[in-house]
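Since the structure of chain A is provided, determine the placement of chains B, C and D on it from the hints.
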Amino acid sequence: MAHIMTLGAAVAAVLQDGDTVAIEGFTHLIPHAAAHEAIRQGRRDLTLVRMTPDIVYDQMIGMGCARKLVFSWGGNPGVGSLHRFRDAIENGWPHRLELEEHAHAAMANAYAAGAANLPFAVFRGYLGVDLPKVNPNIRRVACPFTGEELAAVPALRPDVTIIHALRADRDGNVLIEGILGVQKEAVLAAKRVLVTVEEVVDDLGPRSPNAVVLPTWTVTAIAEVPGGAYPSYAQGYYARDNAFYLGWDKIARDRDTFLAWMKANVLEQGPEVFAAHRARLAVAA
Amino acid sequence: MAHIMTLGAAVAAVLQDGDTVAIEGFTHLIPHAAAHEAIRQGRRDLTLVRMTPDIVYDQMIGMGCARKLVFSWGGNPGVGSLHRFRDAIENGWPHRLELEEHAHAAMANAYAAGAANLPFAVFRGYLGVDLPKVNPNIRRVACPFTGEELAAVPALRPDVTIIHALRADRDGNVLIEGILGVQKEAVLAAKRVLVTVEEVVDDLGPRSPNAVVLPTWTVTAIAEVPGGAYPSYAQGYYARDNAFYLGWDKIARDRDTFLAWMKANVLEQGPEVFAAHRARLAVAA
Amino acid sequence: MTLAWTATEMMTVVSARALRSTDVCFVGIGLPSAACNLARLTHAPDITLIYESGTIATRPSVLPLSIGDGELCDTALTTVSVPEMFRYWLQGGRITVGFLPGAQIDRFANLNTTVIGPYDAPATRLPGSGGAPEIMTHCGEIFVTMKQSRRSFVQKLDFVTTFGHGEGGDHRARLGIRTKGPTRLITDLCVFEPDPETKEMTVTSIHPGVERAEISDATGWPVRFADTVAETAMPTELELATLRDLHTRTRQAHGVGG
Amino acid sequence: MTLAWTATEMMTVVSARALRSTDVCFVGIGLPSAACNLARLTHAPDITLIYESGTIATRPSVLPLSIGDGELCDTALTTVSVPEMFRYWLQGGRITVGFLPGAQIDRFANLNTTVIGPYDAPATRLPGSGGAPEIMTHCGEIFVTMKQSRRSFVQKLDFVTTFGHGEGGDHRARLGIRTKGPTRLITDLCVFEPDPETKEMTVTSIHPGVERAEISDATGWPVRFADTVAETAMPTELELATLRDLHTRTRQAHGVGG
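Chains as they are written, first to last, in this note's numbering: chain A, 1 to 285; chain B, 286 to 570; chain C, 571 to 828; chain D, 829 to 1086.
Fair warning: there could be bad hints in the mix.
Unchecked claim - Selected chain C positions facing chain B (in silico; Cβ < 10 Å):
id, residue
1, Ile-599
2, Ala-702
3, Gly-736
4, Trp-791
In case anyone wonders, no lab produced these hints; they're calculated from the structure.
Since the structure is predicted, the reported quantities are computational estimates derived from the model, not experimental observations.
C-beta atoms are modelled at their ideal positions from N, C-alpha and C, and glycine is treated no differently.
Next up, chain A with everything else stripped away, as it sits in the complex (with noise of 0.2 Å):
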């Protein structure tokens, strides 16, 4: 049963240094807050999962968070390039950062393994490509029936999944609608389960008998963060900030602007000020 708290109090509970870590959202529903959360808590060691670094694991790895990264697309979506995730890589600031680089593809289908509680995914692909000759995580499987030999990674089984979403029900039963990603998988091939939501509601209210419902079971700690995907969006919510993610490429580019903006930005803040950002781009539900 998924326990509501505070924000510090959910990161807290779930993510420990040195755990694999999956903060996962696809352009929607990206859960900021909490990895600002989980920057102030002074979290180190991890593994960062996520199919796209984005800027949420650009501020990460940038502050030092991370060990390792897997991952398999690390650019500003739109706009060009990941500052501090190629300068962890070109040169090793703040300090050297491990790789397992896959495929879009590879990533969603071993999240659906770890959700599928398989040891590995199989799908076709990888062919004629160099990743497999970095990658000992990319293997091959003949088909038991035709002979044909298809592409094969282990399933993704983070310690630790953190996604936002729409709203949660007092009991913990959380709602996605939109663009999902790979949310609820990543969710249930994880062990611990942190929700970010906009807001704690007493029922879901009406909805498709189909709507992607995460039951209170499979999460582990639920937070209300108000605006806490900016400056990703919470369909029905708020828009996207593309002028930030413009902004941002300014803002990383340079070591000591990006350490003075996430000293004032995130370091000095609390996830209080994601509210006036939701106020500020809010959308007719």
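For chains B, C and D alone, kept in the frame of chain A given last:
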């Protein structure tokens, strides 16, 4: 792009003698009207694929449409035996029926593998049981990372899949809500697809952004058949006729009673009879 | 006032009592469905009921005739596809308790629901596997419910549809199965539980008014009784009233028994 | 009136023209997104646009900045999960055309978006694979769009992120790939198509006002020209007006270019 046509034309367009056909619907949305049309058109030598053969295949088997059955549970749900299915297997009436028998997990995974264009499905299953001794399509495959052995079955790729859905729009996009079964997978795994629907509408209307919709270019033919799932049901349109399921036991137990019932209610009728069942069992939407 | 109950009511009540409010239960149709909903309406209000049709955390007011009745979907937290149900929820290890019946059972609670007689020329063709083989391996534990008779409680199964404790002992572990398997066999006469070492199903509780000889007579293998055998507590007034009320509502809704 | 256009507009228009109303198109952000929506707003009104975020048959009125903007979901027929998108729709063989860019390309249209320099000590770390390797093998055919320069059109890739025609000839078939791979390489100067036999990317159409020497100078391998090379038709007034209108709407909506 789906073509909207009469049920007779639609069945004639997609289904030929000798085809492998999956008629799916897990308790909900079983396309009885389409199966009756296939019986009327005298289809023979079919390989019938379905997790739960149910009344719909009891009728097709008893009428001599089937050469082979691929299935995982052959009973009258909540009632007992399927007598035509049993008579075919136990006594070869009306003729011998070849079996390929699975468990539900295998069939569900095999449809999903077919939809995903994989040659086989991997899952944890079939441990310590006798089915692999009588079904050569159950094999094992080793995880290339852990060495653990898992169950493998070939993907299901029917020539034809037939389902019943709630609504289609005039472009041929199809909406399914409620108990979803394996219909989406069965559709995406097939070469040709027939969907019968309760109604064709101008617009699918307000729905969840994540509603289960089959785009028109995944469907071959659509036929509007109000009540076409009877005695199964259509969520929001009409309820399951539980009394018919109970009554079927008596009808199907005896060959002559069965044949007389099929003559009066299928061979000498058309799809229009289903509308009256819908009216009788209508529920508040 | 007097309490009287049928053998089916007794089995249902005993099954319901074994369920906890924290359980996530994979429900089959018939007696298991009645037992799970009885538990929900009495001592286990927060129990989560899942039917293999994909309905999660459903709260039907009447019992379904099939595992996919509209009532299950209408009252569920959400409904997922059948492939998802088998992959993420059952195989994913999310279910704590499953119920299974059998046409035949042996002393290690292996089950046959496939054929009586040889597979290729059966005397009686039964429905087959359904979800049972994987329900038995993936749920935390399994309750088997069957009425006893020498025809169904047999020395050797005609076909092993579902693997319970296999040949006993550590057979499950040897196959790499980490769940408990059948922890209770609830019959119209008594309750069996697996011997901690041999895993042979052993009588641990006998229903009121039943003699040991009746149990032995209705079992096709030499029955073992535990060192201490309890008498099953009688159904309470509340249990019977709730169960009967549920069946009455069901009969009114369906025109059938449920 | 005079028509004038930018190199990017020319690339976008040429890409759009290659699309048919019956196509199911896997759209990337930037130029591909502009091209697909231009096609939809001109000659291919029924084209189906799919973004890897899971949005199927989407009809954005403005261009998205990311592949997962809310606008894509709001205007889609439906939105599926990312695992489903990669399994049932891309790998399922449901997509007729995909667009891909590259940081480096070779003469067989293999692409590098991973690293410049050695993998373990890159001079420049690029974003990596994303969906590209499987987009390239699963879509019916692929249009590659890149501006030409010797830095990006290279003799040998630093890293093969995405397999185009490999070493040419029947290399795709030898790996068991049944799709066509890159059928067009659309640049700011010209259009390349694979030679039917060797699969080397060969110039088949040159944009108005471009000289052959410019193409050769901007390419890191000896460029092959087809026996008959066409002149690319100029963008029409309608194409340019529609495209610019789309960009204006996008700029107004996002405060950015799109």
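Structure-based check of each hint:
1. A least Cβ separation of about 5 Å between C:Ile-599 and chain B falls short of the 10 Å threshold, and the interface hint therefore holds.
2. Hint status for C:Ala-702: holds, given a least beta-carbon distance of 7 Å to chain B, under 10 Å.
3. With a cut of 10 Å, the hint placing C:Gly-736 at the interface with chain B holds, because the nearest CB-to-CB distance is about 5 Å.
4. The interface hint given for C:Trp-791 is broken, as the beta carbon of that residue sits about 19 Å from the closest beta carbon of chain B, more than 10 Å.
In summary, the structure is inconsistent with hint 4 from the numbered list given earlier, while agreeing with all the others.
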